[in-house]
Amino acid sequence: MNLVANNLSYKPEDQYHLNEVSFSFKEGNLYTILGRTLSGKTTLLKTIAGLLTPDSGEIKFDGKNFLKVPVWQRNVAMVYQQFINYPHLNVFENIAFPLKQRKIDQSAINEKVMDALKSVGLIGYEKRRIQELSGGQQQRVSLARSLVKNAKILLLDEPLVNLDYKLREQLREEFKSLFSKGLADETILIYSTTDPRETMELNGEVIVLDEGKVLQVGPAKEIFENPNSLKVAEISNDPPMNIIEAQILDNHIKFEGIDVEAPKHLSKLMEDGLKIGLRSSDIELNENGHEFEVELAEISGSETLLHLKRGNTKIIVSIEEVLNFKIHDKIKINFKIDKAYAFHADGKLASSPFGVLNG
Amino acid sequence: MNKLYIFLKYFFIIVWTVFVVAPFLWALTTSFKDFQSVNAGVTYIPWIDFEPNLEGWKVLIKSPAKGGVDIVEPYFNSLFVTCAASLISIILGTLSAYALSRYTFKAGFVKNNDITFFFISQRIMPPIVLSIPFFLFLSSINLLDSLTGLIVVYIVLLMPIAVWIMVDFFNKVPREIDETALIDGCNPYQAFLKVVLPNSIPGLIVAGMFCIIFGWIDFFFAFILTFTEVQLLPVKIVALNSSVTPWWSLSASALVSVAPLIIVAFIVERYLSKGNLSGAIK
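Each protein sequence line maps, in turn, to chains A and B. So that you can map any letter, position 217 of the first sequence is 217 in my numbering, and since no number is skipped, the others follow by simple counting. So that you can map any letter, position 202 of the second sequence is 202 in my numbering, and since no number is skipped, the others follow by simple counting.
Calculated from the structure, these hints are not laboratory results. Just so you know, not all the hints are guaranteed correct.
Stated by the list, open to error - Capping the alpha-carbon separation at 25 Å, the derived lysine to any residue pairs in SDA-like fashion look like this: (1) B:194 to A:128; (2) B:106 to B:119; (3) A:68 to B:189.
What the hints assert, rightly or not - Pairwise CB distance ranges (calculated): (4) A:129 to B:123: 29 to 39 Å; (5) A:124 to B:175: 24 to 34 Å; (6) A:129 to B:136: 50 to 60 Å; (7) A:213 to B:122: 41 to 51 Å; (8) A:135 to B:92: 31 to 41 Å; (9) B:8 to A:169: 44 to 54 Å; (10) A:132 to B:123: 36 to 46 Å; (11) B:115 to A:301: 50 to 60 Å; (12) A:336 to B:171: 51 to 61 Å; (13) B:54 to A:129: 43 to 53 Å.
We put the CB at the ideal spot given by N, CA and C, even for glycine.
I would like the entire structure built from these sequences, with the hints used as guidance.
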């Protein structure tokens, strides 16, 4: 069973929502669509679900033209980022709704709904009205409703984005265990998110989408280690990868009066307009390092994000402890330069610390 | 400060209540008066201020041959025309409103909003402008002076209200609910009937209320488009007037004619606060 799309384009007004998108999805796999807001993730999912018809291109499911099949016959399930449930039905009726549509007999419905309730941890809530549930519980109801159908294609559109931090962590764990519990064997799971960490944790095949265009496809690890362009490097890192305009001369990387020895994988690059990419976690505080000025310091969870400036160069550093800095403080940092990436002037990856050279 | 607030609050509530209820009480007492009691100056309390009698009420059900006006038939005519026209308007109006809310229509420069406005523009026109076309139209299809003809005309008058209210209401029902229903195996009609409609009950009630009120109180078209065969209540009540204004039977008929609206309002009021969409999207 596979889902193949060729050159899907969708341009409702003067901007592409999907631009020549192609992919090939196989059953039993998890696909993560990673992209920023308005990158076309929801459009893509809705196109797969059949809620939108692309202007051009084709989708085939098991070799059959999927675009000719109306939504209600496609056997897909979708979880929205807003928790969509039927407000006039209680929890049980909500989950039973798709089964009733299929005219399954009542005892089978009861059994399946109870199973689904169990897998999302909502046993005992059957009779509750949707309005009486918290956001996380509402999202679980809509998840249960999409699980109960045994759909061949399960679409999850940023399902965690509207939840608070705690719930997000918790549900993400639950997703992972649900996905690994054999649910995925016969299902094509498609999960869209803006969060690179979520992408890495889910560890599926990643499709990086930007302005409706597929930028890179590959396993999560590959995307993380070898982003094929500046754009992908920005999208697949949170905070985004620091991009520094630098020169490499005589085996030395030079910028803003800083001079560091180039690591092996960068030493041979000698072109103009080269950009060095360095993750915020690959910069550390060091007494003997280079002086930068603090522009902003934010504490998020157990880490501190420092926005630093030196000349025209602005970088973000994340430090795995809670530190207090004031604006305009001078601090000294060191670059783990052997972890640095280099990008050509046109944004393509020139060299990565993980060794693979892409063009 | 707080005490002043409470005082003012109750003061205004009481003033307003008196303002609203007094005309009804006035009509109620008047309906039990006769010619002499009405002309004897201001009196309020039956048996003390004046001697109550049922003449004003009896006139309403007596046949004209016995000196009555018999509003029973016009009353049921009015009920029938109003209910039928409101029901059809709500059904057609809701369907059009759903289409206008969910699908994009385009014919040249005419778009969804223009179509919605076209509906309501029927209500903006002064009724007098419509009276002659309606008259000619009904006479050409032989429906002058008939209940069916009135129902047709009332649908034209009431449906814009239903469309206007329901378009607004459907726009507030998240589209994702329809989409979820489609994904869950409903075809578009089932999605509308099983999911969207049950969540639109408050809107339907409001639209229904307005249709019933506007249908029930219409005098103008009922007056122009009917003659002898069919009469509606508002026309009949006006016909009560003669050389001596019969305040007692006018008051009684006013109360009788307001009664259905009050009953509908009481039934409907509890549903208005009930359904809400907060569980659809948080």
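_Let me make sure I understand: some of the numbered hints might not hold for this structure. Which ones are they, in numerical order?_
none
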